[in-house]
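Asker: Numbering (this note's numbering), first residue to last: 1 to 528.
These aren't lab readings, by the way, just hints derived from the structure by calculation.
Warning: the hint list may mix true and false statements.
[What the hints assert, rightly or not] Pairs of lysine to aspartate or glutamate, EDC-like flavour, derived with a Cα cap of 16 Å:
hint, residue 1, residue 2
1, LYS476, GLU486
2, LYS476, ASP247
3, LYS457, ASP220
4, LYS476, ASP491
5, LYS457, ASP435
6, LYS476, GLU493
Nothing here was measured: the structure is a model prediction, and the numbers come from that model.
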Amino acid sequence: MPEGGGVIFGVLFTREPSPRRVGDQADFTAPALRSRQRLASDYWGRYVAVLVEAEPDLVSVSRDPSGQTPCLHAVIDDVDYVFSHPGLVVDLGLLAPRVDWRQLAHHIAYRGARTLRTALVGVDELPPGDTLVLSGRGRTSAAFWRPRDFVGVDRHLGDDEAAPRLFAEVERTVAALASAEGAIVLELSGGLDSSIVALALRGRSNVHAVNVTTEGPEGDERRYARQVSATAGLPMVELGLTASDIDFEAPPRVRLARPGRSTVLQSVDAAFLREGRARGATAFFNGAGGDSVLGYFNSAAPVVDRLRVEGLGPGLATTVLDIAALTGATAWTVARLALRISLQRPAARGASPDLEHLSPAFWDLEPPARPWLEGLEQATPGRRRHVEAVLGIHGHLDGLDRSLAGRIISPHVAQPVLELALRIPTWLSVAGGRDRAVARQAYAALLPSDVFNRRSKGRINRFIAQAYQSNLPVIKRVLFNGRLAEQGVLDLEAVGRTMSGPVEMDDARFMSIVRLVDVELWARSWTG
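Work out the full structure, taking the sequences as your base and the hints as a guide.
Answerer: Structural data, given as structure tokens:
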């Protein structure tokens, strides 16, 4: 490639009122693309950009901040390889896959928190918003996008502009992403996040919505999904699933560099895979990440934020009452919890490991580095929690079997939407005692009243608990005779104690066993 040139893997759009897709050689050699520093400010999309920069023999590889295009890196025989899926280099005979058992224990302990290292020896991940710089002098990494650039008080949106600005950005972003696809299958649960995506896709003839219903009233959201699909003018298919659809011995069909697929959601994924193939879909749109990006706060942190920004005043009292209405707590309780949060140091909220089911030989694990939190040491507690919540999304954007049929697109985590959401004061997101209040207000004119006023969230806990209980013998066999046990990663006595206890829908301990199955099946997919 000539100096100033480059290759975009994925899709790239301009920062214009009507985003234009970048796609010809003239675009690739445009002045803005000669510098990775301008890549994030002048463009956005789902991409990995490989650019030849001004300095001789210098090539940069940048991954967009949304994290929706995988980017892995390995050095094999002194050659740098960058790829999206490990199977590509394995199938070419370039890499013999070996599981990193200590890193796999880290994955278990920190509940899937992403790190630079993957669970395959020698395979690293380029984090979203980072650049890998390759030159004759070696390789280095640097950030070209970070949340810190959008969270300052001077970047705050005003009360009257937040909702219309968010509406315009979501509309623009979804339209651009949809314009790059053929047939689209939309995962429409009936919750606020997927409903907003559906409404932004309204009237498109190439979009079909799918609603999945599980056993139990908390897993049946058809009432809301039907209203949204009718309002958006999108045809919708309703699919019913049962716990018996789940196979706790089936390895993931998409092999990643670390565990990704949730075993208990494989039947949901299979349903979308079938629907996508039947409709010739090129993409699956969803509302993933909406809770985190759009501000689902259920703590008193927004009170502390408003106090630090505005000081004492009527606005502070309003936010206390908003949090009380949202959580069901008393105003005095909210005030007390806000005081406790204000006294915490940022480091006190660092990730803590769950070592209950790990062998003591794997307890000496370092907390995951979180580069997105760099520069946020002085950020308000609510904003820091906001960024931490967005970080948690990255472990749930890939690994789904439906990706065998088409791309998985989550518009809420797209860079323009995320940047704007980081500029919305946290206390506005709880206004009126509603979660994601600005997003609700942004789409108030389009949302059916039942969805706008909805306070409950759909859950599949009963579905998971039923599948778990009916498969206990299988799960025990998988874990006690599996790769994790062979490698001494698990404390099988502790695992047995948890499995012998009662199961409740909201019991996090039984869910930790389900996650161990996810990890075990991933390991089997690489070890035969």
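Asker: Where does the structure disagree with the numbered hints, that is, which hint numbers, in rising order?
Answerer: Violated hints: none; all satisfied.
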